[in-house]
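Line by line, the protein sequences give chains A and B. Here the first sequence is numbered in numbering that gives the first Met the number 0, starting from 0 and rising by one per residue. Here the second sequence is numbered in numbering that gives the first Met the number 0, starting from 0 and rising by one per residue.
Note that these hints are calculated values from the structure, not bench results. Careful: at least some of the hints might be erroneous.
Below, simulated DSS-like cross-link-like pairs (lysine-lysine); rule was C-alpha separation at most 30 Å, straight line [as the list claims (entries may be wrong)]:
1) B:24 to B:94
2) A:306 to B:114
3) A:273 to A:51
4) B:23 to B:214
5) B:223 to A:312
6) B:15 to B:221
7) B:114 to A:312
8) A:306 to B:23
9) B:214 to A:312
10) B:214 to B:94
11) A:306 to B:223
12) B:224 to B:214
13) B:214 to A:306
14) B:15 to B:223
15) B:114 to B:24
16) B:214 to B:24
17) B:223 to A:51
18) B:221 to A:312
19) B:224 to A:312
20) B:221 to B:24
21) A:209 to A:219
22) A:219 to B:224
23) A:216 to B:114
24) B:94 to B:221
25) A:306 to B:224
26) A:219 to B:114
27) A:306 to B:221
28) B:114 to B:221
29) A:312 to B:15
30) B:214 to B:15
Simulated restraints on C-beta separations [as the list claims (entries may be wrong)]:
31) A:146 to B:7: 30 to 38 Å
32) A:302 to B:109: 14 to 22 Å
33) B:51 to A:288: 55 to 63 Å
34) A:82 to B:74: 57 to 65 Å
35) B:116 to A:302: 17 to 25 Å
Which bits of chain A does chain B cover? Going by a derived footprint, with three or more residues having C-beta under 8 Å, they are [as the list claims (entries may be wrong)]:
36) 128-140
37) 256-268
Fair warning: this is a prediction, and the values are worked out from it, not measured in the lab. The C-beta atom is built at its ideal place from N, Cα and C for all residues, glycine as well.
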Amino acid sequence: MEPSPHTAQSNPPVSNVVSNLSERDLVRRSASTIPPPARQLEPVAKLIDVSKCIGCKACQSACIEWNDTSPAIETNVGVYENPHDLTPEMFTLMRFTEWDNPQTGNLEWLIRKDGCMHCEDPGCLKACPAPGAIVQYSNGIVDFVHENCIGCGYCVKGCPFDIPRISKVDHKAYKCTLCSDRVAVGQGPACAKACPTHAISFGTKEDMNKLADSRIKDLKSRGYDNAGLYDPQGVGGTHVMYVLHHNDQPEIYANLPRDPRISPVVNAWKGMAKYVGFAAMGLAAAAGILHSAFVGPNRVTREDEEKAENLVKDNA
Amino acid sequence: MEPDDIETGDAIRPGKPVVVDRYKKGARINHWITAACLILLALSGLALFHPSLFFLTGLFGGGQNTRALHPWIGVVLFFSFAGLFFRFWRANLPKRVDAEWLAHANDLLAGHEEKMPEVGKYNAGQKFIFWSMTTLIVILIGTGILIWDQYFYAWATIPQKRVAVLAHSLAAVVIICVWIVHVYAAIWVRGTINAMTRGSVTGGWAWRHHRLWLKELAERHKFKKPTAPAE
Ligand code: HEM
Ligand code: SF4
Ligand code: SF4
Ligand code: SF4
């Protein structure tokens with residue numbers, strides 16, 4: 000297995016590095032069938048430990064910086080979210096929830112870093128009609144390739160997490176790239192590197208699972224009996240995972256879905272509808288061809304014309 | 000009162016052969032705008048329906064243009080079809096004879112039209128096409144607007160949009176099938192296409208396929224002076 004970066008903390012290389020992610024590392028390509036990749040990269044993951052996050056938004060700033068986006072300056076409407084939602088210019092967003100813990104009577108301030116989960120079974124990619132507009136690498140990163148994007152918004156309908164956003168400026172879809180351009184040269188994501196409390200870690204999925212285990216043990220020892228890892232299996236697991244202190248109730252974290260999976264409606268649209276559709280249109284066309292082959296054209300006869308002429312004469 | 004199926008402009012031109020005016024120029028232009036829109040919509044929609052048809056985006060100048068144009072053509076189709084609807088709806092109201100006609104539909108398909116009951120300007124099959132198109136276009140514009148994210152993103156939730164896009168693609172499949180039947184019928188029944196190109200059919204055509212309509216026109220003395228006969 001080809002190595003992937005193991006940490007977000009290393010400094011950038013000083014020599015030129017060749018990108019480690021290319022077309023031949025693709026395991027999926029939207030609206031295309033592709034040969035299996037020549038090699039398998041180590042699966043990577045970003046682990047977000049919600050219990051350690053202080054809501055400073057350094058990750059948001061780092062993401063803006065690295066991706067060179069410029070989210071609009073908005074007005075304060077009395078909540079901590081800024082901007083108000085994910086946008087084509089803001090790939091990650093701290094979502095704040097004030098939660099009254101009924102067991103302890105404590106007010107808990109839950110802060111979740113929202114953004115693309117890099118699903119193993121990505122609904123966005125399944126829905127996308129444009130060849131090569133969404134790709135998945137063998138290390139698990141799901142990336143949007145903007146030059147192939149047509150701006151239809153199907154990925155928005157396919158995603159179980161409400162992540163992609165379509166730009167009103169260039170009509171293309173945007174979301175977190177898991178810093179694929181950094182990972183490709185041995186660097187971890189900008190957001191993970193910027194995080195002052197190490198609430199965001201990055202490495203191989205295996206390492207992140209281990210790190211999550213130790214964090215969960217620690218949380219349990221401190222009274223969070225339901226602490227756990229959010230790596231939802233309904234989408235085949237994700238390459239962005241959360242350590243949650245209340246893993247039994249993911250929805251309290253700004254509506255994190257309990258059991259996300261690609262909607263059955265999307266599956267029907269992208270599966271059954273295509274077969275039924277082609278079959279129906281094919282049958283209609285075939286019926287016409289067969290009918291014309293077996294029953295000759297329906298022609299007006301000389302007799303019909305005479306009958307009409309007589310009718311006209313009688314009434315004229 | 001006039002029967003429902005005599006439309007303004009319908010008239011007999013005596014001669015050899017008899018010629019019957021069926022569609023005025025306005026109706027024909029209206030029809031062909033609608034037809035062009037429907038074909039363009041089917042092509043641009045199918046391009047997004049399945050990857051094997053994505054190449055059709057080339058006809059519209061690429062994927063971005065296809066995505067942007069399709070819904071606007073849909074809007075033109077909607078208003079253009081509305082024009083046809085208001086012209087033709089009265090003549091397409093169901094009548095008692097339609098049930099009888101349908102019961103004999105097998106005879107028609109087998110080539111024994113002489114066993115069919117006499118019908119007015121439209122037979123039950125044509126009425127079926129008319130009302131299917133009407134319903135499907137309403138479904139398509141409704142669901143189409145819900146998935147037209149460039150302007151109406153906020154009009155529906157994501158789960159609603161999923162249902163809308165599924166319904167839109169299924170309705171598109173059905174309307175394409177209805178369209179195939181419509182076009183086939185127009186070709187199979189020789190002399191029909193003249194009605195929409197020149198506006199007229201021969202007396203024999205009307206006698207054979209829409210005898211009641213021809214008789215109603217004759218009885219009401221809807222005559223006009225003969226013109227150069229249609230071939
Ligand atoms: C009547 C107004 C209509 C509107 C407003 C409309 C709108 C839309 C929109 C917004 C989309 C998504 C792609 C895009 O943004 O371009 C779409 C897809 C599509 N449309 Fe329409 N449309 C209309 C009529 C039609 C008609 C008449 C047909 C068929 C003849 C059709 C066939 C399709 C198909 C096949 C798709 C792709 C569905 C899929 O990806 O599974 N549409 N339409
Ligand atoms: S908006 Fe772009 S990425 Fe999203 S489904 Fe459409 S073509 Fe694919
Ligand atoms: S979270 Fe949404 S956008 Fe990200 S990979 Fe999964 S389906 Fe795609
Ligand atoms: S991984 Fe990169 S693109 Fe994704 S949120 Fe972090 S900084 Fe932004």
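To see whether the hints hold, each was checked on the structure:
Among the hinted pairs, residue 24 of chain B with residue 94 of chain B is consistent with the structure: their alpha-carbon atoms are about 27 Å apart, no more than 30 Å. For the proposed pair residue 306 of chain A and residue 114 of chain B, the alpha carbon gap of about 17 Å is at most 30 Å, so the pair holds. A hinted pair counts as satisfied when its Cα atoms are at most 30 Å apart, and residue 273 of chain A with residue 51 of chain A does not qualify at roughly 46 Å. Of the pairs offered as hints, the one joining residue 23 of chain B and residue 214 of chain B holds, with about 20 Å between alpha carbons and a cut-off of 30 Å not exceeded.
Of the supplied pair hints, the one linking residue 223 of chain B and residue 312 of chain A holds, its CA atoms being roughly 14 Å apart against a limit of 30 Å. Restraint check for residue 15 of chain B and residue 221 of chain B: the C-alpha separation of about 17 Å stays at or below 30 Å, so the hint holds. Only pairs whose Cα atoms come within 30 Å are accepted, and residue 114 of chain B paired with residue 312 of chain A is accepted, the gap being roughly 25 Å. Of the supplied pair hints, the one linking residue 306 of chain A and residue 23 of chain B holds, its CA atoms being roughly 25 Å apart against a limit of 30 Å.
With a C-alpha separation of about 12 Å, the suggested pairing of residue 214 of chain B with residue 312 of chain A holds against the 30 Å cut-off. For the proposed pair residue 214 of chain B and residue 94 of chain B, the alpha carbon gap of about 17 Å is at most 30 Å, so the pair holds. Distance restraint check for residue 306 of chain A and residue 223 of chain B: the Cα-Cα separation of roughly 19 Å lies within the 30 Å cut-off, and the hinted pair is therefore satisfied. Under the criterion of a C-alpha separation no larger than 30 Å, the hint pairing residue 224 of chain B with residue 214 of chain B is consistent with the structure, at around 18 Å.
Between residue 214 of chain B and residue 306 of chain A, the direct Cα distance comes to roughly 11 Å. Compliance with the 30 Å bound is thereby established for this hinted pair. Between residue 15 of chain B and residue 223 of chain B the CA atoms are separated by roughly 14 Å; this keeps the pair inside 30 Å, and the hint holds. Distance restraint check for residue 114 of chain B and residue 24 of chain B: the Cα-Cα separation of roughly 34 Å exceeds the 30 Å cut-off, and the hinted pair is therefore not satisfied. For a cut-off of 30 Å, the pair hint linking residue 214 of chain B to residue 24 of chain B stands: about 23 Å separates their Cα positions.
At roughly 89 Å between alpha-carbon atoms, residue 223 of chain B and residue 51 of chain A are farther apart than 30 Å, so this suggested pair is violated. Restraint check: the Cα-Cα separation between residue 221 of chain B and residue 312 of chain A comes to about 13 Å, which is no more than 30 Å; the hinted pair holds. A distance of roughly 14 Å separates the Cα atoms of residue 224 of chain B and residue 312 of chain A; the hinted pair therefore holds under the 30 Å criterion. As the CA atoms of residue 221 of chain B and residue 24 of chain B are separated by approximately 18 Å, the hinted pair is consistent with the 30 Å bound.
As the CA atoms of residue 209 of chain A and residue 219 of chain A are separated by approximately 15 Å, the hinted pair is consistent with the 30 Å bound. Distance restraint check for residue 219 of chain A and residue 224 of chain B: the Cα-Cα separation of roughly 97 Å exceeds the 30 Å cut-off, and the hinted pair is therefore not satisfied. For a cut-off of 30 Å, the pair hint linking residue 216 of chain A to residue 114 of chain B is broken: about 85 Å separates their Cα positions. Restraint check for residue 94 of chain B and residue 221 of chain B: the C-alpha separation of about 22 Å stays at or below 30 Å, so the hint holds.
For the hint linking residue 306 of chain A to residue 224 of chain B, the alpha-carbon distance of about 19 Å falls within 30 Å, and the restraint holds. For the suggested pair residue 219 of chain A and residue 114 of chain B, the alpha carbons sit about 84 Å apart, so the restraint of at most 30 Å is broken. Distance restraint check for residue 306 of chain A and residue 221 of chain B: the Cα-Cα separation of roughly 17 Å lies within the 30 Å cut-off, and the hinted pair is therefore satisfied. Annotation: proposed proximity of residue 114 of chain B to residue 221 of chain B holds, straight-line Cα distance about 27 Å (limit 30 Å).
A threshold of 30 Å between alpha carbons decides the hint, and for residue 312 of chain A with residue 15 of chain B the separation of about 11 Å falls inside it, so the pair holds. Proposed proximity of residue 214 of chain B and residue 15 of chain B is supported: the alpha carbons are some 17 Å apart, at most 30 Å. The hint said 30 to 38 Å for the Cβ distance between residue 146 of chain A and residue 7 of chain B, and at roughly 54 Å that hint is violated. The beta-carbon spacing between residue 302 of chain A and residue 109 of chain B, approximately 20 Å, falls within the hinted interval of 14 to 22 Å.
Separated by about 21 Å at the C-beta atoms, residue 51 of chain B and residue 288 of chain A break the suggested range of 55 to 63 Å. Remark: the range hint 57 to 65 Å for residue 82 of chain A to residue 74 of chain B is contradicted by a beta-carbon distance near 32 Å. Here the CB-CB span from residue 116 of chain B to residue 302 of chain A is close to 19 Å, well matched to the stated 17 to 25 Å. A stretch counts as covered by a chain when three or more of its residues have a beta carbon under 8 Å from one of that chain; for the segment 128-140 of chain A and chain B the count is 3, and the coverage holds.
Residues of the segment 256-268 of chain A with a Cβ under 8 Å from some Cβ of chain B number 5, which satisfies the need for three, so the listed coverage holds.
Going through the hint list in order, the structure does not satisfy hints 3, 15, 17, 22, 23, 26, 31, 33 and 34.
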